[in-house]
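Chemist: Residue numbers for the sequence shown, in mature numbering (1 follows the signal peptide of the UniProt record, and there is no 0): -23 to -1, 1 to 515.
Hints are supplied without guarantee of correctness; some may be wrong.
Below, simulated BS3-like cross-link-like pairs (lysine-lysine); rule was C-alpha separation at most 27 Å, straight line [what the hints assert, rightly or not]:
| hint | residue 1 | residue 2 |
| --- | --- | --- |
| 1 | K30 | K361 |
| 2 | K54 | K164 |
| 3 | K335 | K152 |
| 4 | K361 | K164 |
| 5 | K30 | K114 |
| 6 | K164 | K152 |
| 7 | K355 | K84 |
| 8 | K66 | K138 |
| 9 | K309 | K335 |
| 10 | K114 | K152 |
| 11 | K152 | K355 |
| 12 | K332 | K309 |
| 13 | K216 | K152 |
| 14 | K386 | K355 |
| 15 | K164 | K138 |
| 16 | K30 | K202 |
| 17 | K193 | K152 |
| 18 | K202 | K84 |
| 19 | K30 | K54 |
| 20 | K66 | K30 |
| 21 | K193 | K216 |
| 22 | K164 | K335 |
| 23 | K309 | K202 |
| 24 | K84 | K60 |
| 25 | K361 | K332 |
| 26 | K30 | K335 |
Computed beta-carbon distance windows for the label pairs [stated by the list, open to error]:
| hint | residue 1 | residue 2 | range |
| --- | --- | --- | --- |
| 27 | I255 | L405 | 42 to 48 Å |
| 28 | R408 | V449 | 39 to 45 Å |
| 29 | Q115 | A420 | 46 to 52 Å |
| 30 | G68 | F439 | 41 to 47 Å |
| 31 | D153 | A420 | 15 to 21 Å |
| 32 | Q115 | L382 | 45 to 51 Å |
| 33 | L382 | T261 | 50 to 56 Å |
| 34 | Q115 | E391 | 50 to 56 Å |
| 35 | K114 | K361 | 41 to 47 Å |
| 36 | P183 | R408 | 53 to 59 Å |
| 37 | Q266 | L245 | 26 to 32 Å |
Think of the hints as simulated: they come from the structure by calculation, not from any bench. C-beta: ideal position from N, C-alpha, C; glycine also.
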Amino acid sequence: MFHYVVHFLLLCLLSQHRYNVAAKPFHFSVGKRRPTINLDDPLSSEEVLLIQKSLVHGIPFNDLPEGLFEELVNSCKRVLYAKNSVIFKQGDTETDFLIVIQHGRCKILVHGQPLPDPYGTARPGSMIGELALLYNKQRSATVVAATQVSAFRLDRESFAKFMAYVTPEDEQLLKDELQEVDHVIDKVSGVKKRYVDGHIVRQFVPMRAWLWSRWKGTIPQVVWKTVLVNVLVSLGVSKVIHNYSHPNWAIGMLPDSQNHIISRLIGLRVVWTYLMTITTFILTFFLSQAYSLWRDFYSLTRQIQGRMNDLGLLIAAAATRDKNGMYTAEAKQLIDDTSSYMRLFHILMWATFSKRLKILLSDTGLRRMISRGLLSLKEYETLKLLPAQVGYPNACTIWILTRCLQAMKDGSLENDPVLREQIYIKILELRSTCAGIPHLLAAVIPLAYAHIVQILVDIFIFLSPFALYSEVGVWSTPAVALLTIFYSGLLDLSKLLLDPLDNDDFYNDSVNMDIPVLIRESNSGSTRWSQGAQCLPF
């Protein structure tokens, strides 16, 4: 052991001399980037394969000429980073290389705050720093070596050779696609949030003044354009009727019921009154049905989280321990594997159901997930071997169950029949609950139901300026505005509730759920139980 320490110190001194940088102690807080050791050992075949896979999966270029990968691999330089050294610093524009991690782990920080696992940890096979070279922009995050890290470095000049074989059109297409994928991953990881407070739905304060002062995420924000159109129509109706009435009356006064125009509108007002009763009843019932479906959907999302937490608890409690009460190496591997599969299952499941996350299912999305630490190379290669009809989430469910059964055979998980039965039950409940989501969304409301409600509300709002003018005159304009806000607003609210995943793009700034919050919560839960069971008081 001693000679390894001496060897490492000699390498550090050599690195210090090479880069002419004084070695100083480094703390985890972000400081100056320290150049580290450049090892010139020849690359093994396994290392060459790792670099090739990382380059292809990290930035998916197509139609590259034969032999280019060999040139790129030969351009990679072996580097070693000491624990807590800064590899990239957020906002830096001077570092002109990317790295592929061979051994060790790196922590990723944004604005000085570490991202939660698994997004905040780069593991072997991950490629870091390529986007700054691709977009020619400053570093978007700080990367710190959490352990001693050995990696392969590719400089900007070699990267430019790589890019020279890509047409400008393909390069722009690639940039756009990667930008979209990274935007989704940033949402999932919590770098970007729909709601500032990070809740799954926009929260409120039960105070009158606070509620009256809100605009973003409210129904008036959704319907103001419709209100404006109807107000203009009402003003036009008032102007025309007032101009063609002889004798007319002062603006603001109630119209004369004996006027030849007003007398003809009284009958319309009676019909409108009957229509208001029908519309009010049907619309409120429609809203009630929509909210019930929204609550059912929300309940399903929490049930899925619950089944995953149940599995995590069972595995963490039943994983084998040594005589000191600590997890054995095999048990730790079991926990890591099942936690990874559960995280991957949850991401791919929501990517299957949600239009906003669906790009993660594309080949570019999956490859980018490798670079961002959400997917391993082995998991990616296994998924690509599966027939399309299997479905990525279903495959992950099978992985979890099979891994547990394998662990019972090799002794890393207690081979208890009750435990086995409970794992079977939880897996089957997880599968059936997930299957309930597309079933629920496939038949939210029949077309005929939504169609008749839309027609009722539109006709009611359209007749309002004419019907109300005969009774309140010019005051029909503010009355129409209020009726539009409430009736059209309630209908729009119903539509939003009927689309909890925002798949219909009904409104850009939705008041609905922030699905990535569910993913982040489940990711946290995937490690919660094993961490809590690491040390026992007995």
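Chemist: Within 27 Å, alpha carbon to alpha carbon, are K335 and K152?
Modeler: OK: K335 and K152 at ~18 Å, within 27 Å.
Chemist: Does 42 to 48 Å hold as the CB distance between I255 and L405, or does it fail?
Modeler: holds (46 Å)
Chemist: How does the Cβ-Cβ distance of K114 and K361 compare with 41 to 47 Å: does it lie in that range?
Modeler: violated (31 Å)
Chemist: Decide if the proposed pair is consistent with the structure: K66 and K138, CA atoms, cutoff 27 Å inclusive.
Modeler: holds (25 Å)
Chemist: Should the hint that R408 and V449 are 39 to 45 Å apart at their CB atoms be regarded as holding?
Modeler: The hinted range 39 to 45 Å is violated for R408 and V449, with Cβ atoms some 59 Å apart.
Chemist: Do the alpha carbons of K309 and K335 lie within 27 Å of each other, as the hint requires?
Modeler: violated (32 Å)
Chemist: Per the hint of 50 to 56 Å, is the separation of the Cβ atoms of Q115 and E391 within bounds?
Modeler: holds (51 Å)
Chemist: Is the straight-line distance between the alpha-carbon of K114 and that of K152 27 Å or less?
Modeler: Measuring from Cα to Cα gives roughly 13 Å; hence the hint holds.
Chemist: Taken at face value, is the distance from the CA of K138 to the CA of K164 at most 27 Å?
Modeler: Answer violated: K164 to K138 is near 32 Å, above 27 Å.
Chemist: Taking the CB of D153 and the CB of A420, does the distance hold inside 15 to 21 Å?
Modeler: violated (35 Å)
Chemist: Q115 and A420, beta-carbon distance inside 46 to 52 Å?
Modeler: Given about 49 Å between the Cβ atoms, the range holds.
Chemist: May I ask you to test the hint 45 to 51 Å on the CB atoms belonging to Q115 and L382?
Modeler: Since the Cβ atoms of Q115 and L382 sit about 48 Å apart, the hinted range of 45 to 51 Å holds.
In terms of the numbered hints stated before, the structure departs from hints 2, 9, 12, 13, 15, 16, 17, 18, 21, 23, 28, 30, 31, 35 and 36, listed from lowest to highest.
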